Structures are given as C-alpha cells and as structure tokens.
Amino acid sequence: MHQLTLAEIARGLADKKFSSEELTKVLLARIAQLDPQLNSFISLTEDLALQQAKAADARRANGESGALLGAPIAHKDLFCTQGIRTSCGSKMLDNFKAPYDATVVAKLAAAGAVTLGKTNMDEFAMGSANESSYYGAVKNPWNLEHVPGGSSGGSAAAVAARLLPAATGTDTGGSIRQPAALTNLTGLKPTYGRVSRWGMIAYASSLDQGGPLARTAEDCAILLQGMAGFDPQDSTSIDEPVPDYSAGLNGSLQGLRIGVPKEYFSAGLDPRIADLVMASVEELKKLGAVVKEISLPNMQHAIPAYYVIAPAEASSNLSRFDGVRFGYRCEDPKNLEDLYKRSRGEGFGPEVQRRIMVGAYALSAGYYDAYYLKAQKIRRLIKNDFMAAFNEVDIILGPTTPNPAWKLGAKNSDPVAAYLEDVYTITANLAGLPGLSMPAGFVDGLPVGVQLLAPYFQEGRLLNVAHQYQQNTDWHTRTPTGF
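So the sequence shown is residues 1 to 483, counted in UniProt numbering.
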C-alpha cells in the first residue's frame with residue numbers, strides 16, 4: 001500500500017480494495033518503523049488520523065466521493081492545527097498548541113484528507129537543508145549522510161521514503177521546489193495569493209506561499225485542488241477562480257514555447273545537472289514543444305535582494321515572539337528587558353537570530369533607503385524581466401538547484417554557500433510567479449530536479465507539462481533503497 005500514489009489511493013478507495021482506516025494503520029506503522037532513520041516528523045497524530053479515516057470511510061459508505069476523501073497526508077509544522085503542537089521547528093514554539101486550524105488544514109480536512117502528523121522543518125522556515133530545526137536535522141532517504149533540502153525537508157523526506165503519498169509545504173525562496181529536487185519529488189509553489197496564508201506562521205509575508213509535495217504532477221494537482229482558493233481571512237489572498245487541475249493534465253504540448261534562460265548556465269551550475277536539464281528539454285521537444293534561448297538579465301541581483309527583503313520581513317514578523325503572550329519564556333527574568341532578551345536569545349536558534357539581525361539592520365534609520373528600498377526596486381526589475389520573457393514563451397525551464405544534495409554539516413560554517421543553493425528558485429518568489437520542480441535524473445546516485453516557471457495563475461500549465469513529461473520518463477518512479 002505504501003507505494004501507492006494519491007491518484008491510485010483515490011481509485012483503490014473508490015473500488016473498495018481497502019479502507020482509509022486500513023491504509024492509515026499501515027502508514028502509521030511504517031512511520032513508526034522507518035522514521036527514526038529520517039527524523040522527518042516532529043509530531044505524529046495517530047488518534048486524529050484514525051478518527052478522520054473512520055469518518056472518511058463512513059462518508060464513502062454514504063455515497064460521497066472525492067480524490068482526497070480518506071487520503072493520508074501530513075502538514076509542514078508551521079500550519080496551525082487546533083489542539084496539536086505547531087512548533088515551526090523552534091524551541092520558541094515547542095510548547096505551543098494552536099487554538100485554531102490554518103485555512104489550508106481546514107480545507108483539506110473538509111475534503112476528507114487524513115492528517116498523519118506534522119513534519120520537521122528548518123526553524124521558522126529559515127534554511128535550505130533542514131539542519132536548523134530544534135528537533136535535529138532531517139536525513140535524505142536517498143543517502144542518509146546527505147541533506148534533504150529545506151525548509152520543507154521533513155515533508156519531502158517523508159514522501160520520498162514512501163511514509164505517505166503527499167504532504168504540504170511552504171515556499172519562501174524555494175522551500176518546496178528545492179527539497180523536491182533533492183529527494184526526487186514533484187513540488188509546486190503556486191502563484192502568490194493562490195493558497196491562503198491564514199494560520200501559516202509567517203517568515204516573510206510578501207514571499208511565503210503554501211503548496212503540495214508529492215511523487216507525481218497528477219498528485220500535486222489533486223492536493224493543490226484541495227488547498228487553493230480565495231480566503232477572506234487572508235488580505236493577500238486573490239479572488240481568482242480555481243480551475244480543475246486534474247482535468248488539464250492531458251493537454252497536448254504541441255507548439256508549447258519553452259524558454260531556457262542563458263543566465264542559468266553559469267559557472268556555479270554542476271555541468272552534470274546542466275546535461276540533465278538539456279536532456280529534459282529534448283524530451284519535451286519530442287512531445288511537440290518549441291525551445292528558444294531567452295535572457296533574465298537581472299537574475300544576478302536576486303540573491304542579494306532576497307537576503308535583504310526576507311530577513312527584513314522576518315525581523316518584523318518574529319518580533320511577536322517575546323516571551324510574554326505565548327511560546328518559550330526564560331526562567332526568573334529580572335525585569336521586562338531581561339525577559340525579552342533571554343526569551344528570544346534562548347528560544348531562537350543561530351540561523352534565525354542571524355536573519356533577524358540582518359533584517360533589523362536593513363530596516364534601521366540610515367540604512368532603509370540604501371538596502372531595503374533598493375532591494376525592492378531590484379525586485380521590480382526581476383518581475384519586469386519575467387513579464388518580457390512571457391511575451392515570447394509560455395513557460396521557462398532550467399535547473400532547480402545548482403548542485404545535488406550535499407553532506408550533512410558541509411555548509412554549516414558558511415551560511416552564504418547555503419544561500420547560493422537557492423539561486424534558481426528565489427526569483428519566482430520575488431516576482432510572485434508559480435514554479436514547479438520535477439524529477440529529471442541522478443548525479444552520483446542523488447536526485448536532480450528541473451524547474452518550470454509560468455505566468456501568474458498558470459499552475460495548470462506547469463502541471464500539464466510535468467505530467468506529460470512523466471508519462472514519457474520514469475525518473476519519478478524510482479524509490480530510494482531501503483524504503
């Protein structure tokens with residue numbers, strides 16, 4: 001059962017080959033057996049899962065149907081879940097039980113999805129390796145000595161190891177697409193505003209976006225269908241109709257215009273990954289796509305702009321964690337100032353502290369214009385580059401990451417080296433565009449992903465291209481040894 005995709009589970013449940021309760025018990029036992037190697041979960045919710053599975057079976061017995069009805073999933077541990085610890089991978093929120101469900105959690109529960117637990121993540125979603133979690137690093141199931149990527153590394157590792165068929169993630173600068181690439185999954189960052197951020201603990205509010213992680217584009221379409229839609233509780237949610245993503249998967253790629261930016265193939269890209277990217281281009285050409293070289297001239301400025309904007313927003317968002325209202329509080333504070341200083345100093349890990357300090361500096365008097373304002377201007381130039389490119393092409397294709405997964409601890413002493421791993425993904429967040437990573441091969445036994453970008457609200461186009469590619473390749477079917 002653990003090898004089934006979401007789509008196969010939906011068909012199996014509809015045909016009464018097994019019940020949701022039977023499937024849930026199998027996967028919970030598998031998590032208990034295998035997750036100690038991976039550390040992909042922070043909390044397991046066995047009682048809730050079995051309760052939801054029984055309810056889903058009852059709904060099916062009464063004639064209800066639906067692709068997610070009875071399907072097991074997990075949530076990245078920054079989606080608030082009522083009465084369940086929502087830690088954000090941090091000591092600061094280790095004791096926090098959310099008093100309500102995030103919109104994404106509520107929508108998926110209403111669709112009948114079964115929540116198996118909350119997955120491990122970089123602390124407050126800050127990281128590219130899932131090594132900054134208070135609960136310890138997550139291991140990559142393809143090689144337990146390597147990182148799974150971050151910050152949604154727990155979700156990615158759990159799905160890649162067949163502990164469950166799909167999971168939610170969030171993407172602020174590549175945190176769905178990058179771990180998807182490093183663990184042989186399909187991961188989708190929707191258009192900014194497509195999926196509600198209400199109840200999703202914020203890192204950088206103008207960049208964060210929730211999305212699905214699964215093995216196939218077909219499964220991502222199913223999960224995104226349940227997550228997407230307008231939410232009046234989220235002021236950044238966009239009131240745009242949600243298409244039937246599954247219905248559009250089988251469209252022809254004849255005449256599809258694919259742009260390949262010349263800036264992607266710089267000295268920083270592993271040449272073996274470049275070869276796999278070009279092999280995927282050839283595969284899409286066989287399906288009728290037309291390929292041309294394009295330019296994104298301001299891409300070189302993306303990393304510095306992102307690492308001013310994101311920490312600036314983080315320093316503002318994380319000011320609410322002060323030891324007063326909820327979360328970690330230091331022992332025996334001498335006064336209010338001591339309470340603030342020690343609660344934050346003891347509650348936040350080093351990477352979070354680093355980004356808060358960078359952000360506070362960039363927003364301080366005398367530096368706001370020099371750093372933050374300039375970064376926002378660069379952001380606009382990057383968006384303009386994409387708008388110009390999409391006048392010429394339908395999608396943009398390139399590598400998801402410059403390198404395959406690196407060894408645990410290899411970049412801990414050099415934060416900038418880790419930041420550079422996001423070079424291809426952060427532009428989509430700065431511009432608010434949808435992006436998808438799909439499996440495209442292996443380097444030294446480690447998975448490699450190819451990234452697709454599309455115009456606003458064209459998630460269906462990304463899913464269509466990825467699905468057609470997956471009908472003609474088998475990279476996404478490969479399973480890590482031992483899982």
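Don't read these hints as lab results, they were simulated from the structure.
All values reported here derive from a predicted model rather than from experimental measurement.
C-beta: ideal position from N, C-alpha, C; glycine also.
It cannot be assumed that every hint is accurate.
Unchecked claim - Here are the simulated BS3-like cross-link-like pairs (lysine-lysine), alpha carbons at most 27 Å apart as the crow flies: (1) LYS25 x LYS107; (2) LYS97 x LYS107; (3) LYS54 x LYS25; (4) LYS262 x LYS383; (5) LYS292 x LYS262; (6) LYS54 x LYS97; (7) LYS341 x LYS374; (8) LYS374 x LYS292; (9) LYS292 x LYS91; (10) LYS262 x LYS374; (11) LYS285 x LYS97; (12) LYS54 x LYS17; (13) LYS54 x LYS107.
Claimed, not checked - Cβ-Cβ distance ranges computed for the label pairs, FRET-style: (14) ILE238 x GLN33: 24 to 30 Å; (15) ASP369 x GLY248: 41 to 47 Å; (16) LYS377 x SER319: 22 to 28 Å; (17) GLY83 x ARG11: 52 to 58 Å; (18) PRO243 x SER319: 36 to 42 Å; (19) TYR100 x LEU50: 29 to 35 Å; (20) GLU8 x GLU346: 29 to 35 Å; (21) GLN471 x TYR340: 52 to 58 Å.
Does the Cβ-Cβ separation between GLU8 and GLU346 fall within 29 to 35 Å?
violated (46 Å)
For a C-alpha distance cap of 27 Å, please report whether LYS285 and LYS97 respect it.
Judged against 27 Å, a Cα distance of about 50 Å means the pair is violated.
Is 36 to 42 Å right for how far apart the beta carbons of PRO243 and SER319 are?
holds (39 Å)
Going straight from one Cα to the other, do LYS292 and LYS91 come out at no more than 27 Å?
Distance ~48 Å between LYS292 and LYS91 Cα, so the pair is violated.
That 24 to 30 Å hint for ILE238 and GLN33 (C-beta), does it hold up?
Because 42 Å falls outside the window, the suggested range is violated.
Please verify whether LYS262 and LYS374 have alpha carbons no more than 27 Å apart.
holds (25 Å)
CA of LYS97 to CA of LYS107, is that 27 Å or under?
holds (19 Å)
Look at the Cβ atoms of GLN471 and TYR340 and judge whether their distance stays inside 52 to 58 Å.
holds (56 Å)
CB-CB spacing for GLY248 and ASP369 relative to the 41 to 47 Å hint
holds (45 Å)
Straight-line alpha-carbon gap LYS292 to LYS262, limit 27 Å:
Given that 27 Å is the threshold and the Cα spacing comes to 10 Å, the pair holds.
Given hint LYS17 paired with LYS54 - CA-CA distance at most 27 Å:
holds (16 Å)
Is the straight-line distance between the alpha-carbon of LYS54 and that of LYS107 27 Å or less?
holds (18 Å)
Going through the hint list in order, the structure does not satisfy hints 7, 8, 9, 11, 14, 17, 19 and 20.
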